[in-house]
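*Asks:* Following the numbering used here, the numbering of the sequence shown begins with 1 at its first residue and continues without gaps.
Take these hints with a grain of salt, some might be off.
Here are the simulated lysine to any residue pairs, SDA-like style, with alpha carbons at most 20 angstroms apart [what the hints assert, rightly or not]:
1. Lys102 x Lys49
2. Lys90 x Asp66
3. Lys190 x Lys229
4. Lys112 x Gly130
5. Lys148 x Asn231
6. Lys37 x Val81
7. Lys90 x Lys49
8. Lys102 x Lys218
9. Lys201 x Gly130
10. Lys49 x Glu59
11. Lys148 x Asp66
12. Lys90 x Val124
13. Lys190 x Val162
14. Lys42 x Thr52
15. Lys102 x Ser207
16. Lys245 x Met234
17. Lys90 x Arg114
18. Lys218 x Lys110
19. Lys103 x Lys148
20. Lys110 x Val124
21. Lys103 x Asp62
22. Lys112 x Thr52
23. Lys148 x Glu92
Hints are computed from structural coordinates only; laboratory data are not their basis.
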Amino acid sequence: MDKSESVLKSDAFTRMSKSGLQEAFSASECELYLGCKRWAAKRCRAAGKQETDEHIRQELGDELIDLIRFPTMTLEEFTDVVACEYVLNKDEMLSVYRSIVKKENVSKFKNKHRLSVITKCLFVRFETVGGSWAYGGAQDGLSLIVSKDCYLSGIDMFLPDVEGSVTGVLELLEGTTVIHTQNVTLRYNKGVEHVLVDLEKCLYLNSRSEYSIRQIMKGSRAFYCASAKTNITMQGVDMTLSDLKVGKSDNGTTSNIGQFYGFALLIHTKK
C-alpha cells in the first residue's frame with residue numbers, strides 16, 4: 001500500500017466532515033501551498049524553532065515541496081503568495097516565474113492542474129443566420145477577451161451557401177503579435193450552414209490579454225451572422241467580443257454581424 005492509500009484509509013481521514021472533504025478536494029494550488037506552510041509552522045513550534053522561511057522549508061523538505069504544482073498558479077497568486085517569501089530557493093523561483101510567463105514548463109514542478117476535468121464548450125455568437133456573404137480577398141476579423149485562462153481549440157466557421165468552396169488564411173493574434181496561422185478550405189455541404197474547424201494546435205488564452213481572429217478568404221458566397229451576441233458565458237468563463245482592434249475588418253464583419261459562428265474553448269472545471 002502506498003502512502004496516499006494509507007492516508008485515505010486512516011482513521012483520521014474517516015473522521016473528517018463532509019464539508020471538510022469538499023473543501024480539501026476543491027482547494028486551489030495556492031491554498032494547498034498555504035496549508036502546507038501552516039503544517040510546517042506547527043512542526044516548527046513543536047520543535048521550539050522560529051517559524052522562518054528556512055525552517056519551514058526544512059520541515060517541508062523536497063518530498064513535499066516537489067508535490068506542489070507551482071506552475072499552475074496564476075502570476076498574481078505566485079507573486080503575492082510565494083515570491084514574497086523564501087520558502088523556494090532562487091533557482092526554483094525563477095524557473096516557476098518563467099514557466100508561468102512563457103506558458104511552457106521549465107521547472108521541476110508538475111504543471112498539470114489536479115482535481116479538474118477539461119470541458120469543451122462552443123461559445124456561439126450568432127442569433128440569426130443570413131446568406132450571401134461575399135468573399136473577394138478582403139479581411140474579416142473580431143477581437144475578444146476571456147475572463148478566465150483557457151484554451152482555444154477551434155473556430156466554427158460559416159460554409160458556402162451555394163455550390164463551390166472558399167479558401168484562405170486564418171490568423172490569431174495576442175495583442176499585435178501573430179501567434180497562429182492556418183490555411184483553411186470550406187466546401188459547400190447541402191443543408192449545413194457552418195462547421196467547426198479544429199486548430200492545428202490548441203492556443204492558450206490568458207485572461208489578461210486581448211486576442212484577435214482574422215481571415216482573408218476567396219471563393220463562393222457564404223452564410224453569415226445576421227445578428228450576434230457580444231457577451232457569452234459558459235462554465236464560469238465570460239467571452240466579450242468587439243470590433244477588430246488590429247488591422248481593418250474591411251469585408252464587413254463586426255461584433256454584431258458577419259463571419260465566425262462560434263469559438264471552441266477548453267476550460268478547466270472541478271470534477
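*Asks:* State for each hint whether it applies.
*Replies:* Hints, one by one, checked against the model:
1. Lys102 x Lys49: At roughly 38 angstroms apart (the allowed maximum being 20 angstroms), Lys49 and Lys102 break the hint.
2. Lys90 x Asp66: Given that 20 angstroms is the threshold and the Cα spacing comes to 15 angstroms, the pair holds.
3. Lys190 x Lys229: Roughly 26 angstroms separates the two Cα atoms, so the pair is violated.
4. Lys112 x Gly130: Given that 20 angstroms is the threshold and the Cα spacing comes to 42 angstroms, the pair is violated.
5. Lys148 x Asn231: 14 angstroms, holds
6. Lys37 x Val81: Distance of about 11 angstroms is within 20 angstroms: holds.
7. Lys90 x Lys49: 23 angstroms, violated
8. Lys102 x Lys218: At roughly 36 angstroms apart (the allowed maximum being 20 angstroms), Lys218 and Lys102 break the hint.
9. Lys201 x Gly130: 30 angstroms, violated
10. Lys49 x Glu59: 11 angstroms, holds
11. Lys148 x Asp66: 26 angstroms, violated
12. Lys90 x Val124: 45 angstroms, violated
13. Lys190 x Val162: 8 angstroms, holds
14. Lys42 x Thr52: With a Cα-Cα distance of about 12 angstroms, the restraint between Lys42 and Thr52 holds, given a limit of 20 angstroms.
15. Lys102 x Ser207: With a Cα-Cα distance of about 15 angstroms, the restraint between Lys102 and Ser207 holds, given a limit of 20 angstroms.
16. Lys245 x Met234: It is violated: about 24 angstroms lies between the C-alpha atoms, which goes past 20 angstroms.
17. Lys90 x Arg114: 25 angstroms, violated
18. Lys218 x Lys110: 45 angstroms, violated
19. Lys103 x Lys148: 15 angstroms, holds
20. Lys110 x Val124: Violated, at about 34 angstroms.
21. Lys103 x Asp62: 24 angstroms, violated
22. Lys112 x Thr52: 30 angstroms, violated
23. Lys148 x Glu92: Violated. Lys148 to Glu92 sits at ~26 angstroms, over the 20 angstroms cutoff.
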